[in-house]
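Asks: Chains A, B and C, in that order, give the protein sequences. Just so you know, numbering that gives the first Met the number 0 puts 175 at position 176 of the first sequence, and the rest follows in order with no gaps. Just so you know, numbering that gives the first Met the number 0 puts 145 at position 146 of the second sequence, and the rest follows in order with no gaps. Just so you know, numbering that gives the first Met the number 0 puts 206 at position 207 of the third sequence, and the rest follows in order with no gaps.
Worth double-checking, as some hints may not be accurate.
[Unchecked claim] If you want the ones that stay clear, here's a sample from chain B, every Cβ over 10 Å from chain C, calculated:
1) L20
2) M23
3) C24
4) C142
5) I146
6) G153
[To be verified] Straight-line alpha carbon distances no greater than 30 Å define the calculated DSS-like cross-link-like pairs of lysine-lysine that follow:
7) A/K36 with A/K56
8) A/K75 with B/K94
9) C/K238 with A/K188
10) C/K69 with B/K195
11) B/K94 with A/K168
12) A/K187 with C/K238
13) C/K238 with A/K212
[Said to hold, decoys possible] Chain A stretches covered by chain C per the calculated footprint, using a threshold of three residues with CB under 8 Å from any CB of chain C:
14) 134-146
15) 200-209
Just so you know, the hints here were simulated from the structure itself, not pulled from any lab data. Note that the Cβ used here is the ideal one computed from N, Cα and C, for glycine as well.
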Amino acid sequence: MSGFAGDAKAISVVVVIGAVCAAGLAFVKGQTEGAIKAARLQETAAAVERVVPAGCKVRLDEERAGATECPDYRKKAPATAGGKPGCFDVYPAYFEDGRLCAVAVRNSNTEGYGGRIEVLAGFAGLENEETLVLTRIYVLSHSETPGLGSLIATAQDKPPEEWGIDRKKVFGLNFRNRVLKDFSFTVKKGTEATEGEVMAITAATISSRAVTKAVGESSRWVKENLGAIREKLAAAPGPSADGGAQ
Amino acid sequence: MSGIAEVTKGLWKENPTFRLLLGMCPTLATTTACDSAVGMGASAMFVLVASNVAVSALRNVIPDRMRLPCFIVLIATFVTIVDLCLNAFFHDIHKALGIFIPLIVVNCIILGRAEAFASKRGVWDSFLDGVGMGLGFTVGLLCLATIREVLGNGTWFGLPVTPEGYQILVFALPPGAFITLGFLIGAMNHVEERRKANG
Amino acid sequence: MSETRLLLQSSPHVRDVSSVQGIMHTVILSLVPALIAGVVFFGWRALAVTVVAVASCLAVEAAILRLAGKPVKTALVDGSAIITGLLLAMNLPSNLPFWMVGVGAVVAIGVAKHAYGGLGNNPFNPALVARVFMLIAFPGAMTSWPVTTCNGATDVLTAATPLGIMKMEGAAAAMQAASWWDLFIGNVGGCLGETSALALLLGGLFLLWRRVISYEIPVAFIGTVAAGTAVAWLVDPTKYPDPLWQVLSGGVMLGAWFMATDMVTSPVTRKGMLLFGVGCGVVTCVIRLLGGYPEGVSFSILVMNGLTPLIDRYVKPARFGAEAAQAEGGKA
Numbered sequence: 000m001s002g003f004a005g006d007a008k009a010i011s012v013v014v015v016i017g018a019v020c021a022a023g024l025a026f027v028k029g030q031t032e033g034a035i036k037a038a039r040l041q042e043t044a045a046a047v048e049r050v051v052p053a054g055c056k057v058r059l060d061e062e063r064a065g066a067t068e069c070p071d072y073r074k075k076a077p078a079t080a081g082g083k084p085g086c087f088d089v090y091p092a093y094f095e096d097g098r099l100c101a102v103a104v105r106n107s108n109t110e111g112y113g114g115r116i117e118v119l120a121g122f123a124g125l126e127n128e129e130t131l132v133l134t135r136i137y138v139l140s141h142s143e144t145p146g147l148g149s150l151i152a153t154a155q156d157k158p159p160e161e162w163g164i165d166r167k168k169v170f171g172l173n174f175r176n177r178v179l180k181d182f183s184f185t186v187k188k189g190t191e192a193t194e195g196e197v198m199a200i201t202a203a204t205i206s207s208r209a210v211t212k213a214v215g216e217s218s219r220w221v222k223e224n225l226g227a228i229r230e231k232l233a234a235a236p237g238p239s240a241d242g243g244a245q
Numbered sequence: 000m001s002g003i004a005e006v007t008k009g010l011w012k013e014n015p016t017f018r019l020l021l022g023m024c025p026t027l028a029t030t031t032a033c034d035s036a037v038g039m040g041a042s043a044m045f046v047l048v049a050s051n052v053a054v055s056a057l058r059n060v061i062p063d064r065m066r067l068p069c070f071i072v073l074i075a076t077f078v079t080i081v082d083l084c085l086n087a088f089f090h091d092i093h094k095a096l097g098i099f100i101p102l103i104v105v106n107c108i109i110l111g112r113a114e115a116f117a118s119k120r121g122v123w124d125s126f127l128d129g130v131g132m133g134l135g136f137t138v139g140l141l142c143l144a145t146i147r148e149v150l151g152n153g154t155w156f157g158l159p160v161t162p163e164g165y166q167i168l169v170f171a172l173p174p175g176a177f178i179t180l181g182f183l184i185g186a187m188n189h190v191e192e193r194r195k196a197n198g
Numbered sequence: 000m001s002e003t004r005l006l007l008q009s010s011p012h013v014r015d016v017s018s019v020q021g022i023m024h025t026v027i028l029s030l031v032p033a034l035i036a037g038v039v040f041f042g043w044r045a046l047a048v049t050v051v052a053v054a055s056c057l058a059v060e061a062a063i064l065r066l067a068g069k070p071v072k073t074a075l076v077d078g079s080a081i082i083t084g085l086l087l088a089m090n091l092p093s094n095l096p097f098w099m100v101g102v103g104a105v106v107a108i109g110v111a112k113h114a115y116g117g118l119g120n121n122p123f124n125p126a127l128v129a130r131v132f133m134l135i136a137f138p139g140a141m142t143s144w145p146v147t148t149c150n151g152a153t154d155v156l157t158a159a160t161p162l163g164i165m166k167m168e169g170a171a172a173a174m175q176a177a178s179w180w181d182l183f184i185g186n187v188g189g190c191l192g193e194t195s196a197l198a199l200l201l202g203g204l205f206l207l208w209r210r211v212i213s214y215e216i217p218v219a220f221i222g223t224v225a226a227g228t229a230v231a232w233l234v235d236p237t238k239y240p241d242p243l244w245q246v247l248s249g250g251v252m253l254g255a256w257f258m259a260t261d262m263v264t265s266p267v268t269r270k271g272m273l274l275f276g277v278g279c280g281v282v283t284c285v286i287r288l289l290g291g292y293p294e295g296v297s298f299s300i301l302v303m304n305g306l307t308p309l310i311d312r313y314v315k316p317a318r319f320g321a322e323a324a325q326a327e328g329g330k331a
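Excised from the complex, chain A in its bound form (with noise of 0.2 Å):
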């Protein structure tokens, strides 16, 4: 086949063909977007669910989920902005009763051995500064040397009752139920590390010292910033904003 027949019907075959195969992509596209979402939404209320203590309820919306712009009380100070630039994100779970429960609060840095790492932290006891507690942490992410690095996140996708308490042994103990006035988000080798400090991960120091980092950031501006918290995020949201909705 050859000149200007050949070429129009070459033209048009792989034209037909690249319309057909985007309608039908943007059929599938429209099938599944909504569950995509909800999946999503669904990935972090997971996540926020682990950290906040037991009979706190998760509500997400897209809101809450981080998907919008960050206002101005959960701004970072730009010194210490790194990862998803200058915001901290904020998960709320709330009683039966519609209070405010507890909140989880995402922070990363790119501190570790291997590069970034995020971390989800959950703080209960939202009265005031003196109740305050940090109730667990989860790695969200990282990459961290495997049998060494990683081990910050041993254990952490079982219930803490399985944990054991040797605080060598599960790294997310050192965060485990934590009275934030007594504690002091110092990372101390072994067998020095007191109860108000962060025992370090046997040679793998920096991945624990990045953790703690981001863990302590996020305690500091939860203490400082509860009256906006409990202001801002004070009302459960209504049922048409519930986990999995779209």
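Use these hints to put chains B and C onto chain A, whose structure you have.
Replies: Positioned in the frame of chain A, the structure of chains B and C alone reads:
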């Protein structure tokens, strides 16, 4: 060639993982755990069967010199469909496979079968070829993933196999993938040579 | 065996009584001081690890030879599997679980040696391949070092190696943790056979005297490490200890005298050996001073093992008489 032979050749004689050595990138990257290996294999198999059938059905319509762009458009469409569906309905597997789902577009097995087989053969044969090759790829990945997950992580499909503390972490990492693949290919060549020697 | 090939080289040929077996026995003898030092500083567990390593290397060797239908007995008595086992043990912490030592033996003999065709065909030093494999496979167990028994510690206590301390806390802390004398006699944390520079030096000089190895690789290796770390020390003495400390610490002595000099995996010419030694030193310095791991000797030797064919190809021995002719011709 009979229909059954079209399917079985992908399992042994022309196994894409161990004999044709195609699609090495997902083979090495997604075989750290059995469920992601099966997810990868099933996704590739779906794309392979769909693109084989589509290419074969359109083989008399698509002009020869425009065939590659057309194949790529078709394959990319099926891959995007898989990507969207996994993301919507199997979110965990989609997260575990990450970039390797979109990368199925450039998987040599798929374009290779479209070019070498489907564009020259009938729809039914192409369908069987896609099933066979897809099965061969999936089984190959599963073999690799079984060894790597059991040795490296102590589990099989997430079920504990070896006691805590008896894991050989390197098998879960890239070097372990290369070592395991090498030994599997070696074993397969050994068996094949024995078979030939025995007639 | 389908064909018999003769390797032809131009004359003159040197006749020698040395055999594989003789050389291997000398090497085994030369490792005894380091082994004794390991037992003195880390207790009987060090000897146990060594025995397990040697025994499992012999077992794997026998099993593979049998599977491949090759003669088992001659290959076992030549001592090469024993040396691989000994060197592997020297590169392990003395508190390592025995099953991990066994895995190391399978990797050393099965993967690094026989998968490449057996004795004489392996491009990489088997013991080092196994060590690096284990370092990646068991990062926790391979980096928790027992404290030497001289410091009055119990078996369970572990501590960072001097090089690990240097990486984390700088030169002052590292030099406080281990003095030159500690490093020289071996009273520091580390692999069971690498800590005592004195014992390794004795063994190395013995090998040199028996002409099993020549001076080029150890001298070039150690010299380059000294030179490289001296530069770092002059630039920032708070971060990097002095070159003597650097040469005595970690695996430099073990690597330079016993691992890098492995005949199968190092170049054959003297110039090639010098180049090989310098390369090992450079890579070691780069990893120690700039890299993520505290120690880089095993990586450096493996990297240079990989480059050995290239070195042998470009650094060819001069034909007999060619050098003299060139000298007479007045080289610029």
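Asks: For the pair supplied as a hint, A/K36 and A/K56, is the alpha-carbon distance within the 30 Å limit?
Replies: Holds, at about 20 Å.
Asks: Confirm or reject the statement that B/M23 sits farther than 10 Å, beta carbon to beta carbon, from all of chain C.
Replies: 19 Å, holds
Asks: Does the structure keep A/K75 and B/K94 at a Cα separation of 30 Å or less?
Replies: Given pair A/K75, B/K94 holds - Cα atoms ~29 Å apart, limit 30 Å.
Asks: Check whether three or more residues of the region 200-209 of chain A sit with their beta carbon closer than 8 Å to a beta carbon of chain C.
Replies: Three-residue rule met by the region 200-209 of chain A, so holds; n is 3.
Asks: Can we confirm that no CB of chain C comes within 10 Å of the CB of B/L20?
Replies: 18 Å, holds
Asks: Would the non-interface assignment of B/C24 survive a Cβ cutoff of 10 Å against chain C?
Replies: 21 Å, holds
Asks: Do three or more residues of the region 134-146 of chain A come closer than 8 Å to chain C, measuring C-beta to C-beta?
Replies: Held - the region 134-146 of chain A has 3 residues with a Cβ nearer than 8 Å to chain C, which meets the minimum of three.
Asks: Within a Cα-Cα threshold of 30 Å, do B/K94 and A/K168 meet the stated pairing?
Replies: Status holds; Cα separation ~27 Å.
Asks: Please confirm whether B/I146 is truly not at the interface, meaning its C-beta sits more than 10 Å away from all C-beta atoms of chain C.
Replies: 14 Å, holds
Asks: Against chain C, does B/G153 hold up as non-interface, every C-beta pair farther apart than 10 Å?
Replies: B/G153 clear of chain C: closest Cβ-Cβ about 13 Å, beyond 10 Å.
Asks: So if I understand the rule, the pair passes when the alpha-carbon distance is 30 Å or less; does C/K69 with B/K195 pass?
Replies: 22 Å, holds
Asks: Would the pair C/K238 and A/K212 pass a check requiring their Cα atoms to be no farther apart than 30 Å?
Replies: Roughly 24 Å between the alpha carbons, so the hint for C/K238 and A/K212 holds.
Of the hints listed earlier, there is not a single one the structure fails to meet.
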